[in-house]
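Visitor: Could you put the whole structure together from the sequences, leaning on the hints where they help?
Residue numbers (our numbering), protein chains in the order written: chain C, 1 to 172; chain B, 1 to 263.
Check before you lean on any hint, since a few could be wrong.
To be verified - In the SDA-like style, the derived pairs of lysine to any residue whose C-alpha atoms are separated by at most 25 angstroms in a straight line are:
| id | chain 1 | residue 1 | chain 2 | residue 2 |
| --- | --- | --- | --- | --- |
| 1 | C | 5 | B | 64 |
| 2 | B | 231 | C | 98 |
| 3 | B | 161 | B | 176 |
| 4 | B | 38 | C | 141 |
| 5 | B | 38 | C | 100 |
| 6 | B | 231 | C | 102 |
| 7 | B | 231 | B | 196 |
Think of the hints as simulated: they come from the structure by calculation, not from any bench.
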Amino acid sequence: MDEKKAAILGEIPRLRRYARSLVRDRDSADDLVQDCLERALTRLDNWQTGESPRRWLFTIMHHLFIDQMRKVNRRGETAMLPLEAGEGVAQPAEQLEGIASREIIDALQAISPDRRAALVMVAIEGFSYAEAANILGVPAGTLMSRIARGREELRGLLDDTARRRAIRIVEK
Amino acid sequence: MIRRDFSERDIHMALDGELPADERASYDAWLEANPEMKARSARFTADREALRAAFAGVLDEAVPVRLRQVVLGEAPVKAAAPSSRWWLAAAAAVLLATGGFGGYFAGIDGIGQEDPAEDQLAEQAIAAHVIYAAEKRHAVEVPASDKDHLQTWLSNRVGLKLVAPDLTANGFQLVGGRLLPAGESKAAMLLYEDDKGERISLFVTAESTENAKGTYASAQDGPQAVYWLDKGYGCAVVGSLPREQLAVVARSAYGQLMAGLAS
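Guide: Rendered as structure tokens:
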């Protein structure tokens, strides 16, 4: 196996984690990783020797994700169904998550894809602002405001969840 | 050390390791002097730890074989068109969001793929509603007066244990039901009516392999469908009620349908 492929293989766990934070469902997240790997392999020549494979692969995957989310988003107006998180649709792969994890994962899914990606890049994946801005293809200022807004939105959603839980307990 | 004013922005920078080292001491002093900011910082820090913890396990999971195969060039040659539908799940996940969300997708034509199952379900349900809810005398095949037979018959045909939800708390009485085609399969339609003659319908099919939920309207002022799909069943509630009211009725109907399926 050549070196490049070995380096790419080594990044798969990190790519899967990033994908999972972008797309909740495990199989769907792995589909995203697969799309990313397939694209990467057709562009091995674009990968400069010495460049971090991680940054290169994250950039590819991020573009796949954001392009598709934008396409989906442009498509017409439909209202959000005012249902509570976890109600209705089963999420089988996530059964093992603790309640706290499930709540924060739900909340993360609820914030805008741009903010989610920015926040995850820095808070989970540990990229610096400069690296994250580079991968996401936005100026550092934009990145920072996405992180700040993303964090606030996430906290707001978690507060809402906690409040609803409190109400439900009172109702019982 | 140059003293400067700090702001909330610095909380994020400090948390993300982007605060210059020589500003750290004065930042900490600022935080101590501003309990509100300190509390905010503490919450954000806790959220970050929770986020990391929530996804930490992924790194320890075995890498799926199919992903290794892609890199090692052992994967079977794929069709030219990307078949991955991960983004549909992403879209569905947004619909699962804990908060309110405006503006979501109402159709996927334009990317060269067939309509997703949820659109098909919603469209079929709306079409059935438009045709049959308008019928005064022939709206249903089996009337509510024969409810037991209606439920048994539709359950057998559709292949799901169907219990007609009781929506009287929402002001709706069962009118009856009918059997309908749904793609390659069959669907049950249950029609309800309130005392003003407003009608809503439930559309249930056993054909579904996707997880999704949302609302759908095929025309600007036409009836709306609130739908759920899961592996093994799909369900839509259609009506021209105000959106909130429809959602409340739909939730009640869905809860009872689920309880019925599991009974």
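Visitor: It remains to establish, for every hint, whether it holds in the given structure.
Guide: The hints, checked one at a time:
1. Only pairs whose Cα atoms come within 25 angstroms are accepted, and residue 5 of chain C paired with residue 64 of chain B is accepted, the gap being roughly 16 angstroms.
2. For the given pair, residue 231 of chain B sits about 24 angstroms from residue 98 of chain C by alpha-carbon distance, which is consistent with the 25 angstroms threshold.
3. For the hint linking residue 161 of chain B to residue 176 of chain B, the alpha-carbon distance of about 17 angstroms falls within 25 angstroms, and the restraint holds.
4. With a C-alpha separation of about 23 angstroms, the suggested pair residue 38 of chain B and residue 141 of chain C falls inside the 25 angstroms cut-off, and the hint holds.
5. Pair hint residue 38 of chain B plus residue 100 of chain C holds up; C-alpha atoms about 23 angstroms apart against a cutoff of 25 angstroms.
6. Restraint check for residue 231 of chain B and residue 102 of chain C: satisfied, since their Cα atoms lie roughly 21 angstroms apart, inside the 25 angstroms limit.
7. The straight-line distance between the Cα atoms of residue 231 of chain B and residue 196 of chain B is roughly 36 angstroms, outside the 25 angstroms bound, and the hint therefore fails.
In this structure, the one hint that does not hold is number 7.
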